[in-house]
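Q: Chains as they are written, first to last, in this note's numbering: chain R, 12 to 711; chain V, 173 to 366; chain U, 2 to 192.
Everything labelled a hint here was simulated from the structure, so no lab data went into it. Check the hints yourself; a few may be wrong.
[As the list claims (entries may be wrong)] If you want a taste of the chain R side facing chain V, the calculated C-beta under 10 Å gives, among others:
(1) Gly156
(2) Thr173
(3) Pro381
(4) Cys382
(5) Phe403
Since this is a predicted model, take the numbers as computed values, not measurements. All C-beta atoms in this analysis are idealised placements derived from N, C-alpha and C, irrespective of residue type, glycine included.
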Amino acid sequence: MSTWPIHPLRGGVHPPQCKTLSNQQPIQRAPLAKQLIVPLLQHLGSPTDAHVGVGDYVLKGQLIADSANLISAPIHAPSSGIISFIGPQPYPHTSGQLMDAIVIDTDGLDKWCPLEPLADFRTASATELLDKIRLAGISGLGGAGFPTVIKLSPAANQPIKTLIINGTECEPYITADDVLMREKTAQLMLGIDILARILQPENVLIAIEDNKPEAITAVRGALNARSYHVVVLPTIYPSGGERQLIQILTGQEVPSAKIPAQLGILCQNVGTVVAVHDAVVEGKPLISRITTLTGEALHNPMNVECLIGTPAINLLEFAGLQKNKMNRLIAGGPMMGFTLPSLDVPVIKTSNCLLAASAEELPAPPPAMPCIRCGDCAEVCPANLLPQQLHFYALGEDHAQLQAHNLFDCIECGACAYVCPSSIPLVQYYRSAKADIREQAKKLAKAEHAKERFEFRQERLRLEEERKDAERKARAERLAKTKAEQAKKAAQAPKADINSSTGASEDEIKRLKIAASMAQVALRKAQKQLEIHGTAELQAQVEQLSLSAEQAKEALASATAASSSKAASISADDELKRLKIASSMARVALTKAQKQLDTHGTEELQAQVEQLRVSAEQAQQALEAATRAPDAAKKPAKPELSAAEQAIKKAKIETAMKRAALRKAERAEADAETLSALQAELSQAEQELDTLNQTEKADV
Amino acid sequence: MSELLLILVSAILVNNFVLVQFLGLCPFMGVSKKVETAIGLSLATTFVLTLASICSYLVQHYILKPFDIEFLRTISFILVIAVVVQFTEMVVNKTSPILYRVLGIFLPLITTNCIVLGVALLNANRSEYTFIQASVNGFAAGLGFSLVLVLFAAMRERIAIADVPKPFQGAAIGMLTAGLMSLAFMGFSGLIKL
Amino acid sequence: MSMVFISVIALVGLSLIFGAILGFAAVRFRVEGNPIAEQVNALLPQTQCGQCGYPGCKPYAEAIAAGDKINKCPPGGEATIQALAELLDVEPEPLDAVEGEKPQMVAFIREAECIGCTKCIQACPVDAILGAAKQMHTVIANECTGCDLCVEPCPVDCIDMIPVAQTLQSWKWEHPLPPGTLIATDRESLS
Numbered sequence: 012m013s014t015w016p017i018h019p020l021r022g023g024v025h026p027p028q029c030k031t032l033s034n035q036q037p038i039q040r041a042p043l044a045k046q047l048i049v050p051l052l053q054h055l056g057s058p059t060d061a062h063v064g065v066g067d068y069v070l071k072g073q074l075i076a077d078s079a080n081l082i083s084a085p086i087h088a089p090s091s092g093i094i095s096f097i098g099p100q101p102y103p104h105t106s107g108q109l110m111d112a113i114v115i116d117t118d119g120l121d122k123w124c125p126l127e128p129l130a131d132f133r134t135a136s137a138t139e140l141l142d143k144i145r146l147a148g149i150s151g152l153g154g155a156g157f158p159t160v161i162k163l164s165p166a167a168n169q170p171i172k173t174l175i176i177n178g179t180e181c182e183p184y185i186t187a188d189d190v191l192m193r194e195k196t197a198q199l200m201l202g203i204d205i206l207a208r209i210l211q212p213e214n215v216l217i218a219i220e221d222n223k224p225e226a227i228t229a230v231r232g233a234l235n236a237r238s239y240h241v242v243v244l245p246t247i248y249p250s251g252g253e254r255q256l257i258q259i260l261t262g263q264e265v266p267s268a269k270i271p272a273q274l275g276i277l278c279q280n281v282g283t284v285v286a287v288h289d290a291v292v293e294g295k296p297l298i299s300r301i302t303t304l305t306g307e308a309l310h311n312p313m314n315v316e317c318l319i320g321t322p323a324i325n326l327l328e329f330a331g332l333q334k335n336k337m338n339r340l341i342a343g344g345p346m347m348g349f350t351l352p353s354l355d356v357p358v359i360k361t362s363n364c365l366l367a368a369s370a371e372e373l374p375a376p377p378p379a380m381p382c383i384r385c386g387d388c389a390e391v392c393p394a395n396l397l398p399q400q401l402h403f404y405a406l407g408e409d410h411a412q413l414q415a416h417n418l419f420d421c422i423e424c425g426a427c428a429y430v431c432p433s434s435i436p437l438v439q440y441y442r443s444a445k446a447d448i449r450e451q452a453k454k455l456a457k458a459e460h461a462k463e464r465f466e467f468r469q470e471r472l473r474l475e476e477e478r479k480d481a482e483r484k485a486r487a488e489r490l491a492k493t494k495a496e497q498a499k500k501a502a503q504a505p506k507a508d509i510n511s512s513t514g515a516s517e518d519e520i521k522r523l524k525i526a527a528s529m530a531q532v533a534l535r536k537a538q539k540q541l542e543i544h545g546t547a548e549l550q551a552q553v554e555q556l557s558l559s560a561e562q563a564k565e566a567l568a569s570a571t572a573a574s575s576s577k578a579a580s581i582s583a584d585d586e587l588k589r590l591k592i593a594s595s596m597a598r599v600a601l602t603k604a605q606k607q608l609d610t611h612g613t614e615e616l617q618a619q620v621e622q623l624r625v626s627a628e629q630a631q632q633a634l635e636a637a638t639r640a641p642d643a644a645k646k647p648a649k650p651e652l653s654a655a656e657q658a659i660k661k662a663k664i665e666t667a668m669k670r671a672a673l674r675k676a677e678r679a680e681a682d683a684e685t686l687s688a689l690q691a692e693l694s695q696a697e698q699e700l701d702t703l704n705q706t707e708k709a710d711v
Numbered sequence: 173m174s175e176l177l178l179i180l181v182s183a184i185l186v187n188n189f190v191l192v193q194f195l196g197l198c199p200f201m202g203v204s205k206k207v208e209t210a211i212g213l214s215l216a217t218t219f220v221l222t223l224a225s226i227c228s229y230l231v232q233h234y235i236l237k238p239f240d241i242e243f244l245r246t247i248s249f250i251l252v253i254a255v256v257v258q259f260t261e262m263v264v265n266k267t268s269p270i271l272y273r274v275l276g277i278f279l280p281l282i283t284t285n286c287i288v289l290g291v292a293l294l295n296a297n298r299s300e301y302t303f304i305q306a307s308v309n310g311f312a313a314g315l316g317f318s319l320v321l322v323l324f325a326a327m328r329e330r331i332a333i334a335d336v337p338k339p340f341q342g343a344a345i346g347m348l349t350a351g352l353m354s355l356a357f358m359g360f361s362g363l364i365k366l
Numbered sequence: 002m003s004m005v006f007i008s009v010i011a012l013v014g015l016s017l018i019f020g021a022i023l024g025f026a027a028v029r030f031r032v033e034g035n036p037i038a039e040q041v042n043a044l045l046p047q048t049q050c051g052q053c054g055y056p057g058c059k060p061y062a063e064a065i066a067a068g069d070k071i072n073k074c075p076p077g078g079e080a081t082i083q084a085l086a087e088l089l090d091v092e093p094e095p096l097d098a099v100e101g102e103k104p105q106m107v108a109f110i111r112e113a114e115c116i117g118c119t120k121c122i123q124a125c126p127v128d129a130i131l132g133a134a135k136q137m138h139t140v141i142a143n144e145c146t147g148c149d150l151c152v153e154p155c156p157v158d159c160i161d162m163i164p165v166a167q168t169l170q171s172w173k174w175e176h177p178l179p180p181g182t183l184i185a186t187d188r189e190s191l192s
């Protein structure tokens, strides 16, 4: 058998072991308690949430609490029964504070839920094995309680080269691992096989202190053909600490901020390994553990396999507790354990020992005296720190120096306080200093966070202000724009405005126009009728219509005149157009009348013809005037006639009438005397007209 | 070379300006509660000492002596020292405002620190010193001052959290400690005959 | 006479040279901003509660940098005063507040009485109250710094300040001895 080289621990102490109190008998079965108090947080990490409710019936091994967080482990019912309460319950903590727990009233049947063991772990994949371990809720049973599945899943680039199985159990009084190694050797071996299958390490080291000869023999005997190394270590406290053990076995020191996995080393407690076996091979979740019941206050100190959640009082009474003898109840060992405030606390996954100590066994510490700077504490520190300096800096609350002296590397083993001649409770100082530093860091982080939120809020308010300002500006601009547009419209609109505001609005003019045109249409119709029938009535109608037509025209003309006179300008073109239309209409009317005259030759018709001829000529004149002088102020409709022109008019009318009379007479075949008389009149009229024309021409 | 070494050892240990020649005691007692502050001030003083001794040597040899106005030594040295201290203040304010704040009044008080004027005058008196020797003397004086200041600050930090008896608490224990340190440094006498 | 002349020239000349050097140095080594205030602000608890008399932690930090006393912050408590004393190398003084140091509090809105007026939301300096107009308001306990600024504006007075519960996780070991213990003889003389 090759011996694995070991590097002796630096420092360390040899307190009296007191192991023989409890390791003389095999593991006892603890009686089933009436009530099991199962706390929701029994490991390092996030607390679990209850998956059952009050009144539910649960089977042994049934999942009752789990957490969605990665660093957590599910919790299972240790026995069958009914959930009677979920809420704050006693918890094994030195403060005595309560913790949420599930209380099961056991029914005594201890009925298992259906178990699903793996058929053959040797053919299973690492993932399947890890899954089983996770579902079984296994966390480190050595004391810290870190969820095992996470420890067994190192990063892909950090393969584990050395697997260390920790069977040292260096603390005095505790013998749980000792008896486990003696009695559950087969399961231990298979468990190691499972771990080796998952991790594929190069070396597997099983470390056992030399104060456990039976265990060493048992384990060696169970090795068979396996290549695992059973390394026997000299008994010294605290060689079982993870970093200390790694240093002893490999000589490597795990750096401050790193974990052993980063060096390719993994350490597991023997209890955890057996739990892994139970989970994989038997499908059983972690619901029980081996706990040492020891101390002089117990009549029958022993190791029990007890269910998680069993109240301490049950176990202690099972071990023959003598209450009057018990001075203190300690959870854990005398070096690293803490005093339990009450006996009702349950056993949890990390409860490795219940020490019912008498006053003589663990006397009250003497009052602390000032440090004499002897240096004994630095000699025994297994982590190679300077406890003396740490003490002084802790006294002075010098956090910076404490951290500079690696306060957080202290494993709180208590070796320094054990040897201190002044009985200074050194570990208390370190624990309180660590808590202070952690609290400060948390406060600082919270303050930073609050500052960020505050600054973000200021920024948000500022942006809102800016946005509001921008909106206000935009609104103001829009308002200014609309105002400007309105002003512009008002400036353009005067045309329309004035048109509408004068007496004759556009609508009015339109109406008049329509009336005028309708009158004209009626007149023409009547005239047609007159042509066809030629009755006196028709004649009268025609005259009436012509009158109304004239009136309508005049009204229209005046309205247009009114609007045009006030308007800035009525375009010359419009006026021209109107005059053109008027003259052409007049000519048309004249032509028609002449036709009728030719057909019928009545005097009235003749007169009408003459009138129409006159108006036609007037219209023509007006048109010519307008064309000749477009700039001149437009006067609508009838141009004024001078006296001379009026005389000419009359003369012309006379001439026309004479002529008409002559023609009539010729048609009527009147005698020669009438004809010659008429001819004479006609020539006279013509002469007069000529004279008038000549005078006018001379005047012009 | 050996002369420079002699000057160094003498100024730092044998004739330490603070503990043996008893110059520059104000900042010694006033700024030594924290090691960081002490280091800050001692660096500043060393800087001032070196520059001041250089400048005062130059002033002495190129302005005062040639023009025979050596009676202006004191005032011109003070002028030089004041300017150097002012310059140092600006540098300290720029590099570490907290240190500037913490040193407070002691930074401008370096002007009145008898070490600085003392070294300048001693250099002037020792007219056989060359420029290099004078500068090294100033620098070494600064080193000696720094050494003692930092040592004392470290001790005071520990004393602050120690269990000091009531009558001795505060400045008393500080004075006692300084006296004991001075005794210790006196042990260096005779090391070098200068 | 020439001696006086020369000495005057020499001194004036020296002064001018040194003055020039100092002037250049003043420009070169100018300090921007107020870095001390930044460092002080980093030590304050950032509750923005205004109990120090300044409208927020940054203004108080700037006041301290300008020379104000360091013992005005109740939410920071003794720890902050100590830290500030160490940073600025001044003597730590006891807290100068009416009620002294209170345990950490969080605000709690009694939802049955909340009318949804958003006045508390506008008051909270870290936006720790969730809600909207005419909707239920509630305090996000993790973000609440216990500054007390929301209690005043609430028109129906439905906000309570309750101390943060001590859980197992927040429990910590006690300091074994109060700092500043006396040696045996002094203790005896006192008792």
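Q: Hints first: check each against the structure and report whether it holds.
A: Hints versus structure:
{"no.": "1", "hint": "Gly156", "in the structure": "36 Å, violated"}
{"no.": "2", "hint": "Thr173", "in the structure": "43 Å, violated"}
{"no.": "3", "hint": "Pro381", "in the structure": "5 Å, holds"}
{"no.": "4", "hint": "Cys382", "in the structure": "9 Å, holds"}
{"no.": "5", "hint": "Phe403", "in the structure": "6 Å, holds"}
Hints 1 and 2, counting from the list given before, are not met by this structure.
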